[in-house]
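Visitor: Protein chains in written order, with our numbering: chain A, -4 to 326; chain B, 761 to 894.
The hints are simulated quantities; they were obtained by calculation from the structure and are not laboratory data. Given the structure is predicted, the values throughout are model-derived calculations rather than measurements. A virtual CB, placed ideally from N, CA and C, is assigned to each residue, including glycine. Just to be clear, a hint being listed does not mean it is correct.
Stated by the list, open to error - Computed cross-link-like contacts, EDC-like style, restricted to lysine to aspartate or glutamate with a CA-CA straight-line distance of at most 16 angstroms:
(1) A:104 - A:141
(2) A:265 - B:825
(3) A:265 - B:803
(4) A:104 - A:134
(5) A:74 - A:106
(6) A:265 - B:807
(7) A:43 - A:29
(8) B:765 - B:807
(9) A:209 - B:801
(10) A:315 - B:807
(11) A:43 - A:71
(12) A:316 - B:807
(13) B:799 - B:830
(14) A:316 - B:787
Claimed, not checked - So these bits of chain A aren't anywhere near chain B, every CB distance computed over 12 angstroms:
(15) 41
(16) 53
(17) 74
(18) 126
(19) 175
(20) 180
(21) 212
(22) 265
(23) 273
(24) 278
(25) 280
(26) 288
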Amino acid sequence: MATKPKVAICWLGGCGGCDEAIVDLNEALLGVADAVDIVLWPIALDFKYHHIRSMADGEITLSIINGNVRNSEQEEIAKLLRQKSQLVLGFGACACFGGTPGMANFRTKQDILNWVYKDAPTVVNPNKSRPQTVTRVDEGELTLPEFYETVKALNQVINVDYYLPGCPPPTDLIATAITATLENKLPLKGSSLAPHKSLCDSCPRNETKPLKIKIDEIKRIHEIEASPDTCFLAQGVICMGIATRDGCGTSCININMPCRGCFGPVEGVKDAGLKMISTLAAIIDANNDTDIEKITSQIADIAGYSYRFSLPTSMLGALKKRDGTQGEQVG
Amino acid sequence: MKKLKIVCFSCKFSWGYLTDDTLLAADIKNWVPIICAGKIDPEYVVEAFTRGADGVLILGCPEGDCHYQDGNLEARKRLAILRQALLTHGIRPERVKLVLSRNPDGKDIPVYISEMAKTISSLNQEPVSTERTS
């Protein structure tokens, strides 16, 4: 009997939604389970990391890793799976770009710890306790993983062979990705296993998009009764679809919510956020400073809109915080 | 004090077009003549910071006098939004400046650069506010 390919599924800094998306394969998952040996899946099966450590390098055919890397434990697991795997698939927005937790990179580690353990109004911490990597108690030594300075995407820690973005990735793309791996029909390494165009390409509202969009007011989705059929940008609502890779099945659009950008930049674009800023500027209908100021000041949080999922891998995210709270000097 | 790096993009239709580019470039470091201020994508500005710029100065045609109709206006809108994103990331808006004017001999370009460097060096003492709004 031929040996079945081994597959590991693992979460790092993720919410579990990506694992849930795999479970959502439903009956198809049974077919996958027949075709492969699952050797690790912490959210669903009781394998241990020492099982993986005892395997030979490259013994695992495919590791599907979701979540980002924010601490030393996550980095250790990512490196272990890389060592033991022939292929690594970065699964979901957090693994591909850092994801929503990546927005933490707008703040420094110190700022985050201060808020969580000191400044937040609900904090009661009379002993001013902070998590320590090593704590000595009577019974011995307790350890915690080190909390890193920033959130990292998976490819900022290990080599990633393929990417499947989304928050979470949709089941049709998951099934296609797994089938392509098992049948050895994968594209060039480094590819995203998702369409190359922007979401507008498949958006059902595309037909309602005017030839030239012009908006003189920017509104948040909860501030209006959004039309269920009309292009969000034409309604003055920021929709990331124009700067986001297609493939999600317009799931947010279908429930009358604008795209948030979980599929990341389209093929060939480094920074979806900057492209969104450029797009937004182009559709703002203003001819003088006063109108520009009036309209742009209606944007509640452009960085939050534009980098909701992709800050750690973006050009902006790579910049040093030159005027930040840590007193970093210019130059 | 360390000399600050200011990257200057200037539109060829209004800035320094009566002067030999090479002569002017000898006086201005990190100078990039461009075809229109509207050509400046936010990526160019961030790329300049990535490569170590302390500030980015963009010189475009006077208001209402863009060779391509409204490139200078487009630049103004882009930068207005980009500055908001930069500020969230801990980069003060003063580090990106747009001047819409005309200077055929280009002698004012080093003056604007110098003024901007002065403004930026004074920022060192003023960290970005990180007051939480919620």
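Visitor: Are residue 315 of chain A and residue 807 of chain B close enough, with their CA atoms no more than 16 angstroms apart?
Guide: holds, 12 angstroms
Visitor: Compare the distance between the alpha carbons of residue 316 of chain A and residue 787 of chain B with 16 angstroms, and conclude whether the hinted pair is satisfied.
Guide: violated, 30 angstroms
Visitor: Quickly compare the C-alpha distance for residue 104 of chain A and residue 134 of chain A to 16 angstroms and report which way the hint goes.
Guide: It is violated: about 31 angstroms lies between the C-alpha atoms, which goes past 16 angstroms.
Visitor: Run the distance test for residue 104 of chain A versus residue 141 of chain A: straight-line Cα separation, threshold 16 angstroms.
Guide: holds, 12 angstroms
Visitor: Does residue 265 of chain A pair with residue 825 of chain B here, judged by a C-alpha cut-off of 16 angstroms?
Guide: violated, 33 angstroms
Visitor: Are residue 265 of chain A and residue 803 of chain B close enough, with their CA atoms no more than 16 angstroms apart?
Guide: holds, 9 angstroms
Visitor: Is the claim that residue 180 of chain A lies outside the interface with chain B correct, judged by CB distances over 12 angstroms?
Guide: holds, 34 angstroms
Visitor: If you draw a straight line from the CA of residue 74 of chain A to the CA of residue 106 of chain A, is it 16 angstroms or shorter?
Guide: violated, 28 angstroms
Visitor: Does residue 265 of chain A sit more than 12 angstroms from chain B, CB to CB?
Guide: Violated, since 7 angstroms does not exceed 12 angstroms.
Visitor: Test the statement that residue 175 of chain A is away from the interface with chain B: the closest C-beta pair must be farther apart than 12 angstroms.
Guide: Residue 175 of chain A is indeed farther than 12 angstroms from all Cβ atoms of chain B, at 32 angstroms.
Visitor: Has the given pair, residue 209 of chain A with residue 801 of chain B, been kept, meaning a C-alpha gap of at most 16 angstroms?
Guide: Violated: residue 209 of chain A and residue 801 of chain B sit about 19 angstroms apart, past 16 angstroms.
Visitor: Under the criterion that the straight-line Cα-Cα distance not exceed 16 angstroms, is the pair residue 799 of chain B, residue 830 of chain B satisfied?
Guide: holds, 11 angstroms
When held up to the earlier numbered hints, the structure conflicts with 2, 4, 5, 7, 9, 14, 22, 23, 24, 25 and 26 and fits the remainder.
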